[in-house]
Structures are given as C-alpha cells and as structure tokens.
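Residue numbers (full-length UniProt numbering), protein chains in the order written: chain C, 1 to 342; chain R, 1 to 347; chain A, 1 to 314; chain Z, 1 to 291.
Treat the hints with care, since some could be wrong.
What the hints assert, rightly or not - Which bits of chain R does chain C cover? Going by a derived footprint, with three or more residues having C-beta under 8 angstroms, they are:
(1) 184-195
(2) 210-220
(3) 257-265
(4) 268-279
Said to hold, decoys possible - In silico BS3-like links for lysine-lysine, alpha-carbon gap of 27 angstroms or less:
(5) LYS84(R) - LYS281(C)
(6) LYS84(R) - LYS177(R)
(7) LYS233(A) - LYS140(C)
(8) LYS229(A) - LYS140(C)
(9) LYS92(R) - LYS177(R)
Simulated from the structure, these hints should not be mistaken for laboratory data. Here the structure is a predicted model, which means the values were calculated and not measured. Glycine included, every Cβ here is placed at the ideal spot set by N, Cα and C.
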Amino acid sequence: MRTGQPNQPTGGTASELLRISELRVDFATEHGWANVLGGVSLDIHDGEIVGLVGESGSGKTVTGLSILGLVPSPPGRTSGGHIWLHDEDLTEVAEPRLRQIRGNEISMIFQEPMTSLNPAFTVGDQISETFRRHRRASRKQGTQRAVEVLDLVGIPNAATRVHAYPHEFSGGMRQRAMIAMALCCDPRLIIADEPTTALDVTVQSQILDLLRSMRAEIGTGILFITHDLGVVAELCDRVVVMYGGEVVETAPVHDLFQLPRHPYTEGLLSAMPQLGSRTAKLASIPGHTPEPWAMPNGCRFGPRCTYHQESCSESPVALESAGTERQARCARLAELNLRGAS
Amino acid sequence: MTASDTDPLVRVRGLNVTFAQKRLLGPTRSVRAVHDIDFDIGRGETLGLVGESGSGKSTTGRALLRLVPVESGSVQLAGQELTKLRGGELRKLRAAMQMVFQDPYSSLDPSTTVGASITEPFRVHQGLSRNQAWPRVLELLELVGLPASHANRYPYEFSGGQRQRIAIARALALHPKLIVCDEAVSALDVSTQNQVINLLEELRAEFELSYLFIAHDLAVVRHIAHRVAVMYLGRLVEVGPAERVYERPAHPYTEALLSAIPVPNPQRAGERERIVLHGDLPDPADPPAGCPFQNRCGYAMDICRESMPPMTEVADGGTVACHLQTTGPRLAGAVLRDANLSVGSGQ
Amino acid sequence: MLLLIARRLLVTIPLLILVSFLIYSLIALVPGDPAVTLAGQDPTPEQIAAAREELGLTDPFIVQYWHWLVNAVQLDFGASLFNSEPVASAIAARLPATLSLTVLALLIAILLGVAAGTLAGLRPGSWIDRVATFSASVGVAVPYFWVGMILVLLFAIQTPLFPAIGYVPIGDGVLTWASHLILPATALAIAPAAVIARQTRAAVANVMTEDYVRTAEAKGLPRSRVVGKHALKNAALPVVTVFGIEANRLIGGTVVIEQLFAIPGVGQLAFTSVFSRDMPMVQGVLLTTAVLILLINLLVDVSYGYFNPRVRQL
Amino acid sequence: MSDHAIEHPQAPGLRRFLRRFRTNRTALVAAVVLALVTIISLSAPLLAPYSLHEIDVPNRLSGPTPEHWLGTDSLGRDTLSRLMYAGQVSLAAAGLAVAIAIVLGVPLGLLAGYRGGVLDWLLGRGADVLMTFPAVVLAMAIIAATGPGLTNAMIALGVVYSPRLFRVVRSATLSVRQETYVEASISIGTPALSIIARRILPNVLSPLLVQISLMLAAALLAEAALSLLGLGVVPPTPSWGGLLGVGFTEIRTTPLLVWLPGIAIAITTLSFNLIGDGLRDALGRETRKGD
C-alpha cells in the first residue's frame, strides 16, 4: 500500500549505456531553418534514471525522439552530433538497423496514453506484435508474453484484459499497457516522454512506483522527460535541465535541488508550488521561452535572467564542469551563489 | 479573508446534477455527476475545489453558473436563488458570475479579434457598440498585463498564458462578484502558472472578488485558496480551512491525494511516507455501496460498505464525511495505519 | 458484432417505412385527378366516381398508403399504367444489368481511388501527391456522362476496341459481358474514384501524424506494417463513409449511363417511366433504389464496427 | 501596429481571409476563370455572333469555319452563340437549385444543431429519408409527378440537396456549440440568437461556403444530366446538358458537338471545386502557436 522510497543511486555497475554528444536538430519553419537543438550532450548509464527537465519548447521531447530517429522529417533534420548506443552511432546506422533497435533495445513511452495506443487493435495484439517482430515468436508466444508483461505492470486479470481494446481501459491502465509494451523485449533503455502529465496525481504516483520497481527488477535505464521538478525529485538519480534547445545544467538530483548552478534552474526551483503555506506572491521567471527562429545571441536564457550582464550576450556560453559529476552553462558560473529548493 | 457581510456570497445546498446517457437499445444510463453537495463561498474568499478527473468538480462549477441543468438543490448568490431563474433574468444575473476555462486555446473564438471578444459582455449587458466599449476593452487588457495594442490581434497570435489573461479580462468586464476558475492554470508551464495566479490574487484584492478555484493540482490550490473542498465520485468528502486540510487531512482520500503530490525536494521526498491508492476511480454510473471511497480506502470498516457517512464537524475546522470521524477512531495517523497495513499492503 | 448488425437493422426498417411513405406521397404531387385520367375521354361523373372507387381514392390518404405498402411488402407494386406489365417483374428483369454495371464500377472506383490516395497520402507534397491530387480534381469535375460519350468516341468509334452500346448477360460469356460494360463502368467510376482518392489521401496523411503511428514506429515495426496495419485500418473509416455516399451517387448515374449505352437496366426503366409519367413504375423503381442504397449503407455501418471497435458497444 | 489601429476596433476575419485566399494561386485562377465564364455567358446577347435561333441551313454540321468559329449543329445554328446562351441557363439553374437548398437547409441546420432534442431528431430523420435517394433519381421522380421543365427540375433538385447543407451546418453547429468559447458566451449571458449569429455562424461559415461551392458544381452536373435526358430544359432553349444531348446524336459525324459543351461544363465545375478547396484552406483555423 505504501512505500518509503529513497532514491537509490545505482552504484558500482554504472557502465555507460547511451551517450549523446553535440546533437543538433533543425526544423523548417516559415521563418526558415530554426535551430531546435543546439548541441545537446548527455549520457545515461545502465539502470540509471535520468530526468530531462524543461518548459514546453525547451527541446526535451525532440531530444527523446532523436535517439530513436523519430523526429518527423520533414520538417526536422539532424544537422550534427552523435548518439552512441555502446559503440554504435545511431545517427549513422541504416534505417533497418534502427528498426531493430526500436522497441527492442530502446523503447519509448509517450505522454498521451489515450492517443498513443491504436484504437483499432486490442492491447494484447499491440504488445505481442512488438515481441513477435523482435523475437520472431509465434502469435501464441506473443500473446503469452503480452499477458506476462501486463501482469508485470499490475493489470488485474491480464489473461482476459489482453483481449480488450484501448478504449476499454482507463487512462492509468492505458499508460500501464504502454509501459508493458515498452518492456516486452527487455530493453536496456526506456525513453519516457512526460508519461504522467496527462494523469491524475494518484495515478501518477502509481506509475512512478511502477517505473521504480521496473528499474529495480529489470535494471532498465530510463530517460524521464518531464516539466515537473517534483516528479524528478521523487524518481530520478540524475537531472539534465534544458532551455532553448541546450543543456544548461546537469547534476545528481540531490545536488541540483540543494545547490543549482544555473539561474534557470534556480528560477524553476523557486517557481515550484510548495505544499507548505499560502505565500503572498509566487515566484516566476519573467518573459517567455524564445521561439527557435528567434534565439537570443550569446546565452539563450540571457533576456530572462536576473543575473544578466552585457557580456552574457556577446558569445555563446559553453557547458562547463561545475563540481563533481556536474556541469552548467553560465558565463558567471564562478561568481554566482544560487538558491536551492526549500 | 474579508467578511463584510455575515452571509456568504454563494450558498449551495443539496445540489444534484444528473446526466442521462441515452442508448439506442437497452436502458438509459444515468450518471449522478454531482451528489448532494453543500458549500458556501464568502465574500472575497477563494474556495479551492479539488479532486481527480471524473470527480464532478468541473460539473459543480458549471452548475453554479447554470451551464448544466441542475436536477435539484439550491444555489444562492447574495441571497438570490439561481436555480429557478429563467431566460432574461438568468442572463442578467450571469453578469455577476463569470468563468475562466481550462483550455486557453478554445475559450476564445478563433474567428474574431481578442478585442472583439472582450467587447461581448459590454454589448450584451450594457448595449454598447464596439466603438463605445473600446476604451474599456483597452483598459481591461492593461489591467491583466497585456499591451492595449494587442486588442486587434487574433487569439492564435498569443501564448497560452496570454490567452488566459485575455479570458480573465473578459470575465472581469462587468465587475462580477464571483469568478469560477475551471482548471484555469493547469495547461500552463509552472512559471506562467504562477504569473496567472499572482494576477488572480491581485485582482481579488482589488475588486473584492470571490473565486471558486477548481483544480486537480493540490499544490497550486494551496497557494490561492482560503478554504478547500475535496470531491470524490460526485460527493464532497471534506471541506475546511486550507491550513487545516493540508496539515491535518480528516478524510483518508484527502490524505492519499496529498501524499501523492510529488515533493520537489529529493531529501524530503525520500523521507516521506506515501500512500499509493490502488485501482481506478469507480464507474460513476455504478458507484460502490456505502461510502464511495470504501473500495480503495486503507481504513475501510464494515460500516463503510453499508452506509454513506454523514457530514460531521472536524474539531479544528471544517467538515468531513467519514465514518472514522463518527463511529471509528479519529484519523490520527500512524497507529491506525500500521494496524491496517497488513490488510492492504501489496508492495 | 451481431448486435451491431441487429441494431443497424432496427434503424433501417423504420427509415425504409418513411422512405416508402415519401415515395407514395409523390402521387399527391401529380397535378389533376388520376381518376379523371383513368376514366378516359369525356367521362361522365359516374364514370369518374367508378374510376375513383377502382383506384381506392375514396379512402383517406394514409389508408391508401397502407394498402400500397401491404402490397409492396409482398413485392406487388401494381402494374404499369401503359403496358400493364407487373412492376415487380419489369424490375426483376432489368436488375442484373444494373447490378453488373454498378458492382463493376464500384470495384474500379475503390481500387483506383484507394491505391492513388494511399500513395499520395504517404508523401504529402511529393510529385506523386501533386499528380494524384490534380487528377482527382479533374476527375471530380468532369461530367460522367460526358466521359461516357468521349469513351465511346475514342474506344468504340475512332478505335473500335469495345462495343459502343448494348448489354450481354454474364451467362453468355464473361468476356463479352465485361467488354460491353467496361466503357460505361469506367465512365461511372471516374468521379467516385477521384473522391475516394482525395479522401484516402487526406485520411492517410492525417493518420500518419497520429500518436499511435509514432508508437508503431517506436516499436521498430517495418514501414510496410506501420502503414499497412496501423495506418490503413484507421484511415479506412472516412474512406468507407465517402464510399457509401459515392455508391449512392453512382447508382443515380446509371440512369443516364444506361440511356447513353442502351443498357436495358433499372436506370433505363426509371427514365422511360418518368418520361411517360408511369407512376406505379416510378414508385417501384424508387423503392428498389432505396432498398439497394439502404443495403449499402447497412454494409458501410457494419464495416465501421470492424474498423472502429468503439462502435461495437455504443 | 499603428496607434490609429489601436483606437479603432477592426472588423474581424475578412481581411485575414482575403490575405490567405489571395496566396492560393490555384483557387485564384479558378475564380478568374469562373468570373470569365459568368461574364461571357451573361453578356451573350451582346457578344454572341448570332442570335439564339438563327439558322444557317447550307452550313449544317459545318465544323469550324470563318463564319462559325466553332461550327454549327444539325439545324445549322451557330455553336459558339448557343454555348454562350446555354451558359446563362445552366448557371442560373444551378444557382436556383443551390439557393433553394440554402434557404431550406441552413436555418434548419443551425436550429437543429443548436437546440438539439426532438426537433433535431425529426429533422435528422427527414434528411435521412431524402438522402436515401441519389439526387438525380429523386429529382426525376419529382419531375415525373410535376412534369418536366427546368424550373420544376431545379426546385426538385434544391429540395433534394437541402439535407446535405442541413447536415453540414448541423454537425458544424454541434461541434462549435461544444467549443469553450460558446460556453463562455453563454456564461456571459449572451442571448441565444446573438450567439448563433456572432459565434456559431462565422465558425460554421467555412464548411458551409465550401459545401455551397461544391454543391454548385454538383447542381451544374445534375442539371446537365437532366437536360441531357430531356427532363430539364425544353428545346429549343439551350443548356450545356441539352447541347450535349443533341450533340451525342451527331457523335459519329461531328464529335466537336460533344467535346465543346462537355468542356464548358468541366471547366465550370472544376472552377467551383477548386474555389471550394481554396475556401477550405483559407477559412481553416490558424495553427496553434506554441507557448
């Protein structure tokens, strides 16, 4: 019924699973080519849960889709960078190889469980299809596997529910089914794109629990894309913060909340709603996220930053080391003393 | 909280809303979306209405404004009964109550400029032409923090947060007494969310507004509501001062809801004890017997399966509908919970 | 599924009754007194009264309708006012030709339309798409009867590949049967093919942007399966809907096409009976058409249940 | 945006629509072609080289000659002149049918979609019944009862087409009715008629205009089919369909008499259809702008 869950850091066996380096993606817009990802780098280790955080328009979803080569093209195009799955560069491999990896070695869960399942086929069919495709299994084995994973993700009466259609499931159950589908080939990495945003809090906490236990039992690495720092605090080992198509800060979860090193992270933390008290005035970051075709010069966060100096807008700021296992992209990294979560 | 009058602004008693689902063959299914609800909203007060999707909170808000038919019960605004009003009288009264909707993308007519949208209340209630109303439209835009020069733009030219400001401007036009905010900030990014909440708070203070603030996000409600009402499956299960409800929830459902909110601090998130509710919200057309929460409640007793608990006073403020408060031991925390752990623990 | 069929039937039958009432009511639009017409040259009042009695016109309208309906249910639609041939047997004799023509035309339309539309919808903006879209625009606009005439001109007169007119029953040889039908069926099929192509294109292009197609891609399914299974089944719904509408229009087109190609079908019967204002025959033909179309609609509705499982339980 | 614009509210919609329609080259060309066809047809009495019934017996079925650019028919009448006069008849007939369909279909569609209930149900079933028949067949049946003639034929066609507009308007109304901005208007206290006129109608207009444009094309075809069969225009009045019918009898000797009226019909219907598509694109919603 209830779980006291510390965030267990996955010590010891932390071997590198996926490394993205300097990934650049552009989109064709009516304003010409717009840079949506401006050199994103991040890595994920086996069995690690990495949170990818940012507001809408920060490029976090595009990053997730890029890994599996699912960025719609047109209008998107990858214009640079590498995505290493062990020693294989996913930006280089041919489409057939990519299709072998999708759903098998890396699988994905999406935000809208309502629309991400095909309404015309049974849930079981959609799960077993994945298994059959990658394991050359028979229809019968596929269904058997579907029942297994549905059971694993806590769907009651999996053996009968396997024949149900998505519309016969509630929102939470559909997301469980999506997770079951993602798990059916024992992937090494799951990319979860805002998997709980469309769900109620009580369902969200069920799903977070499920993901935690999956990681514990199966040892899958998870890239968890979200805008909710609360969820990150509950689930993730490490956090990557994105803004305007760039990684602005990356740090172990405790460190990030305790001592942010980038002003945007500080802004996000201070804007988090707190259960504590009814405060007089809520903090917010002034202004809007920039449109990809109108990125500011120099630091992309510059125009909204309280610590902004003229020098910030002169040249692009590099992602620099900011202590053990952490990096930040701020020209004033050395001098700023930022406030963490209360 | 200001209570210049002793009477509350809004007084809801025994409100019922039922939707009929007609089917071609077979019996008509009827779903009681709102079930015997009582609450008050004071002048200048914000009442937060929380619950999961399908709990009936949105329907409650719409029923106040008579946007859905009220089956039975009474809704009074400043002493005037609303449920009996018809036609022109109802329309006149609607000037005093306004609504801000969830989806900032669909609450403004895409085929018309935002200025024209804000003109609508002036046209309808004061018979002003667009030109006559225009100065006031510009004033309103500035009041909600948008440049007046944006009045001739179309909704698609604005971001979500800006649209929500426009919707608020339209709602404010006729100086209403009550604004129902139906998930008014849930489609926005946190930072934008905070800006809109700040705006609502400033406006409330300036115009002595009352809000019914409907939201599924309890953390957001904490920041704006003076009092909180919790809905489950069409019923109010707990009402009380926000402070008390958040600190010492009296209903197991409130407790579970609160514990499900992610804590934005990994230190405390790890330390905290969480209650994971099992299963889904039951089908509203076929609610469980007795207490509606009984089949998911960690404290459920025999009586909970037999009868609906009555609303009773909570010692430190507010009311709750739970047998623990009448027949059983008070919901005091650890002792009882540990006793029940063996029953439901599956983790 | 069976329940769905039963339910659709329950809707169809009352509709058919309303339709039959409309058909019968057409009589009321006929100017003048049918009894006077029947009574012959310079009738005496007694003759008119007798004719009225004979026609059952003394009863209230609704009773007259009831008599007609009871007979119609037993496939007795009365007899032609002109050659006294029973309406039912006249229609039965001509139905095979019309059904052959209709089915062949629908087949051509659906094969052509779905293939072109799918190819175009998978690559919006490509040259295939532009060619298909342009052809479809022209295909919808050209009058089918004119296409028929031009086909006759090109493939029967200038290059005599096919017979210009006439109809041979399928029993006399499939090839001659087909060679007689190919020109009229093509003429009938062009417009529906174009409409189906447009709808298929739109539906496929639309479905390809759906989340569940992205899910299917993310599962690593081969492209053929993503399109062939996940996209097409969902894209089929709007296509099936226009298929129903187009089938309806195509059946209307047989009246003109059968006339042009001298095919002895129901359409031709409709034309001659309208021209001679043979009301019993007109009513019989209308009712046959309505039944045919309601049957097609029924099939369309039932196929919804296959393509969209949600419909099954509503 | 200038200060001037701030002081004066703008008429919404129209300018944006014109801007978007103008950028659609295909639709623009179609509109020009249609305008040309209409103008030429309407000014037939001024432009036509011969009068409608003028007979040139020695030059029957002549084919193109300096006197008769597009040749003559079996009675020796000038084809070009007759095509121009026929255009008048065909366009007017299609217009009449669609006008009748609009008058019947649109108000009922708005009413049924907005009010719902028993009225909606009844009107819906009525539409079902009328839509069970192919338009041409039902129009023919009405003609069988009332007698042939172009006016009868087009009234019949208008009645038969009205359910299509009814359905389009009703379903658009129904979906607009569920939009939050309509609920917002209701919550403001705006009277129903005003909501229908100011909120529903403008948002229903785009599917309606598209449908009207497509329906004009369909009506033109239906008129041609009926006239071709001799159930529409009564000779010697020409309409494109009528000319086609007469021309078909001469197809072995003078195919031009089949080609020309067909091309006239095809160009006009194509224009209507392309304008309809252009309207659909120009009136569609602006895409959402991200936050």
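Verification of the supplied hints:
1. Restraint check on the stretch 184-195 of chain R versus chain C: 7 residues with Cβ-Cβ distances below 8 angstroms, three needed, restraint holds.
2. Look at the stretch 210-220 of chain R against chain C: 5 of its residues bring a Cβ nearer than 8 angstroms to a Cβ of that chain, three or more, so the hint holds.
3. With a threshold of 8 angstroms between beta carbons, the proposed coverage of the stretch 257-265 of chain R by chain C holds, since 9 of its residues qualify and at least three are required.
4. Beta-carbon proximity to chain C at under 8 angstroms applies to 10 residues in the stretch 268-279 of chain R; the threshold of 3 is reached and the given coverage holds.
5. Under the criterion of a C-alpha separation no larger than 27 angstroms, the hint pairing LYS84(R) with LYS281(C) is inconsistent with the structure, at around 40 angstroms.
6. Pair hint LYS84(R) plus LYS177(R) holds up; C-alpha atoms about 20 angstroms apart against a cutoff of 27 angstroms.
7. Among the hinted pairs, LYS233(A) with LYS140(C) is consistent with the structure: their alpha-carbon atoms are about 23 angstroms apart, no more than 27 angstroms.
8. For a cut-off of 27 angstroms, the pair hint linking LYS229(A) to LYS140(C) stands: about 19 angstroms separates their Cα positions.
9. The straight-line distance between the Cα atoms of LYS92(R) and LYS177(R) is roughly 13 angstroms, inside the 27 angstroms bound, and the hint therefore holds.
Going through the hint list in order, the structure does not satisfy hint 5, though it satisfies all others.
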